[in-house]
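Start from the sequences and build out the full structure, keeping to the hints where you can.
Those protein sequence lines, which keep their order, are chains A and B.
Numbered per this note's numbering, the first sequence spans residues 1 to 433.
Numbered per this note's numbering, the second sequence spans residues 1 to 242.
Watch out, some of these pointers could steer you wrong.
Far from chain A, some chain B residues (derived; all Cβ distances over 10 Å) [what the hints assert, rightly or not]: (1) Ser43; (2) Arg91; (3) Leu96; (4) Ile112; (5) Ala125; (6) Ala140; (7) Arg208.
Partial chain A-side listing against chain B, Cβ under 10 Å, derived [claimed, not checked]: (8) Val192; (9) His195; (10) Ala270; (11) Leu335; (12) Ala370; (13) Leu373; (14) Glu427.
Honestly, the hints are just simulated from the structure, not real lab data.
Only a predicted model underlies this, so the values are computations on that prediction, with no experimental measurement involved.
Cβ atoms here follow ideal geometry from the backbone N, Cα and C, with glycine treated the same way.
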Amino acid sequence: MQLTPEKMVEPDRVHRLAYTSQEVFDLEISNIFEKVWVYCGHESQVKNTGDYATLQIGRQPMVMVRGKDAQVRVLYNRCPHRGVQLCGGLKGNTGNNFVCSYHAWSFHLDGKLESMPLQKGYDGTRLTRDNPDCHMKAAPRVASYRGFVFASLAAGGPSLLEFLGESKVAFDDMCDRAPEGEVEVVPVCHRVVQHSNWKFFMENQLDSLHPSVTHQSTGVAAGRIEKQIAANGGKAPLYYHYLSTFASSFEQWDGVQTINFPRGHGVLKAYMGLRPQDPETKAYEKLMVKAYGREKTEEYLSRSIHHVLVYPYLSVQSPLQQLRVLRPLAPNKTLSEIWHFRLKGAPEAIYRRSLWYYNLVNSPATMINADDLENWTKGQWGLESTGLNWVSFHREFGRDTIDNGVTYSNKGTSEGVMRSQFKAWVEYLAEAK
Amino acid sequence: MASKKTTAKKNAGKSTRRPSGNTGTPVKKAAARPLLKKALAGSLVIRAGASARKTGAQSIAPDHSPRAAPGALTAPRALKAVATSGDLQDRIEQFLFRQSELLDNKLWQDYIDLFADDGVYWMPALPEQTEWEGSASIFAEDKLLMSVRMGRVTHPNAWSQAPMWATNHVVGNVVIESETGKEVVVRSRFHMMELRRDNMRHFGGTYRHTLVKHGGGFRIKLQRVDLFNGQAPFDYVLQVWV
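Here's what the structure looks like:
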C-alpha cells in the first residue's frame, strides 16, 4: 500500500485513498466489518420457530433464525458439505430444519447436523459428527439489546454494550417512546444502492452544513405549500415541517450540536417538533404517563435527538422509529437497508406520523436522499481523481470541546464529526496489526 | 535451438507409437484398462420410487416444506374484467396514453391536473397492501404533495436533475375491471425505461386507476402503481412518478 491508514489520516484532513483504494476497502472489511458487532435485524423479523432472514456481514452470507428453544441465532448461510447457501431467500420459514438443495444434508435450527444421506459413505473418514466441519458454523458472538440483534464474527473483543457505548441511546430512545417499552418491525425493507464509499453516508448523517444546500429544492417547495395551506386557513400536517426544515438557514443548523463518542459513534441533536398539542399526541402522552410516570415520560419525550450513528454502518432516527443500515459492497458501492418500527402500545396516529417520514424521506422515491445520493456519487468520482489528494475537515478544527473522550461541537457545522470518525477508523485498522 | 528440435521430434515419435499399444506404457495403467471396460459395461436403470425405503431427500418429512417466503404460496388474486363498449375502452386507453405522454414530456402540472381534487398517487411497497394511508410505501401522495415534488424537480437547485434524465413509458394490456355510473376501474401494464446520466434502468408493473367521470372525460381518484421490481434494490432512487 502506498500509504498506511495511519498516514492517510491527519488531525484535520484525510487522504482520498481512504475512500477509493481497494486495498483499504479489503482491510476495512476484514478488520472492521467482520469484527465489530454488526446489526443483523430485529427479533420481531423472526417471530416463529424456523423464521429466517438472510443478511451479509462484511463478505459473509449469514442467516438469522429463530430456534425451537425460541433463541435467535446467527449462522453462516453455507452448507458445510460443498458450500451451497442453505437459505435462498431474503426471508421465510425453513420449517424444523435447514435442508441443503444440493445433497440433502440437513441441520437443526441451531446449525447442528441432523442427517446426511447414505451416511455410511463417511464411515472411516475423518468427517465424523464430532468434527465441527459437519455442522453449520455459528457467528462466534450474538447478542441483542432491547430486541435489536447483533453479531460479531470475532470470538474476542468488547461486549455488545461496550461496543455501543453511549450510542445505545438509539435503541433506548426508540423503545422508551413505546408505552410497552419495545418496538416491532414493519416487514418492509427498502434497499437502495449508493454509488459511493460507505463513509460518505456516515459523514453526511451528522453534517449540518449540507441540508440547506443539498435539500434546498425540496425544503423550499414544501415550505411554499405549507404557507399556502396556512393562507387558506388550514394547518399543514407535520410532514411538511419534516421537509421544509431542511431549508433552514445556515445559522440555524450551526446551532444544532453534535456529540461525538469514542469508536466513531455520535448524535445529532435537535428536537424534532414531535409534541404538538393535538388530541392524538395528548392521548399518546397520557398512555406514556400511565406506563412510566410523569417524570420518566418527560425525560423520554424531550430527548434532543435528530439521529444517532452507530459507527461504521448504522444511522438510527430514534424519535421516528427508523433506521438505515449499510452493507459495503465495494470501495464505490454500498447497499443501504431501510427499516422502520411500530411503538408497542402507542396509538396508530403516532405510527402514521413517523410513517410520513419513512415514505417521504427514506423511501426509494425520497425527495431528500435523491440529492444526497447525487452528491455522494459525484464525491466518489472527485476523490478518484488524482488532481488533489486531500479531503478537508478543517471547519472549527481545534474549537470543539473534548471532555472525557467525548467531543462536543460548539458549532453544529463543525467537521469534528468526521475527525472523530476517522480517529476511530485509524484505531480499528491499527488494532488489526 | 538444436536441442529443442530434438525434444520435439522425440515427443512426436512417442505419440505416434501410442495407439499401437507399445510396451512403453506403465504396467499399472495397462491393468486399469480392463477395469474401466468392465465398469462401463455395467447397465443400471434408476427408477423414481423403485425403492421401498425412502432415503436421502425423500426421507425428509413434509413438515420442512414451507421454505418459500410468506405469501408466495397463496393463490394469485382473481383478475377482474368486464365486457364494455369499444367506445369506453378506446376513451380509457387514450386517457392512459395521454397520462404517460405527459410524464415523458415533463409536463408536470398537466399531469397533476389529471387527478381529482382528492386524488392520490400511490405506489405501495408490497402487493398485498390495500390502503394508501398508513402503509409503508414508495410513493403516497395527494395533490398537494405532488405539487411539492413538482416544485422540487423544477427548482433551479434540484441538483439531481442536472444530469441527462428522461423517461419512456409504454402502456398496454388495458383491461376494464368495473364500470358504474360514476367510476371506472381499469388495470393496465406499463414498461418504463429511464435514462439517467449514462445509464439506463427499467421499471415495469401494473397500474390500477380508479377514475371518476368528469365532464366528458375522467379524473383520477386513485392511481395505484405496483412495481414488479419494487422490493429489489434500487440503483439510485425514483425522482418522479412512474
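Okay, the hints, checked on the actual structure:
Non-interface call for Ser43 (chain B) relative to chain A: holds, since the shortest CB-CB distance, roughly 22 Å, exceeds 10 Å. With 10 Å as the threshold on Cβ separation, the claim that Arg91 (chain B) sits away from chain A holds: the shortest Cβ distance comes to roughly 30 Å. At roughly 21 Å from the closest C-beta of chain A, the C-beta of Leu96 (chain B) stays outside 10 Å, upholding its exclusion from the interface. With a least beta-carbon separation of about 12 Å from chain A, Ile112 (chain B) lies farther than 10 Å from that chain, consistent with its non-interface assignment.
The claim that Ala125 (chain B) lies off the interface is violated: its Cβ sits roughly 4 Å from the closest Cβ of chain A, which falls inside the 10 Å cut-off. Not every Cβ of chain A is farther than 10 Å from the Cβ of Ala140 (chain B); the closest lies at roughly 5 Å, contradicting the non-interface assignment. With a least beta-carbon separation of about 18 Å from chain A, Arg208 (chain B) lies farther than 10 Å from that chain, consistent with its non-interface assignment. Annotation: interface hint on Val192 (chain A) holds; nearest CB of chain B at approximately 5 Å, less than 10 Å.
For the restraint placing His195 (chain A) at the interface with chain B, the shortest Cβ-Cβ distance is roughly 7 Å, inside the 10 Å limit, so the hint holds. Contact between Ala270 (chain A) and chain B, as hinted, is not supported at the beta carbon level, the nearest pair being about 22 Å apart and thus beyond 10 Å. At its closest, the beta carbon of Leu335 (chain A) sits 6 Å from a beta carbon of chain B; the interface hint therefore holds under the 10 Å criterion. At about 5 Å, the closest approach between the beta carbon of Ala370 (chain A) and any beta carbon in chain B falls short of 10 Å, and the interface hint on this residue holds.
Residue-level restraint check for Leu373 (chain A) holds (minimum Cβ-Cβ distance to chain B is 6 Å; threshold 10 Å). Taken as an interface hint, Glu427 (chain A) does not check out: its beta carbon lies about 32 Å from the nearest beta carbon of chain B, beyond 10 Å.
Hints 5, 6, 10 and 14, counting from the list given before, are not met by this structure.
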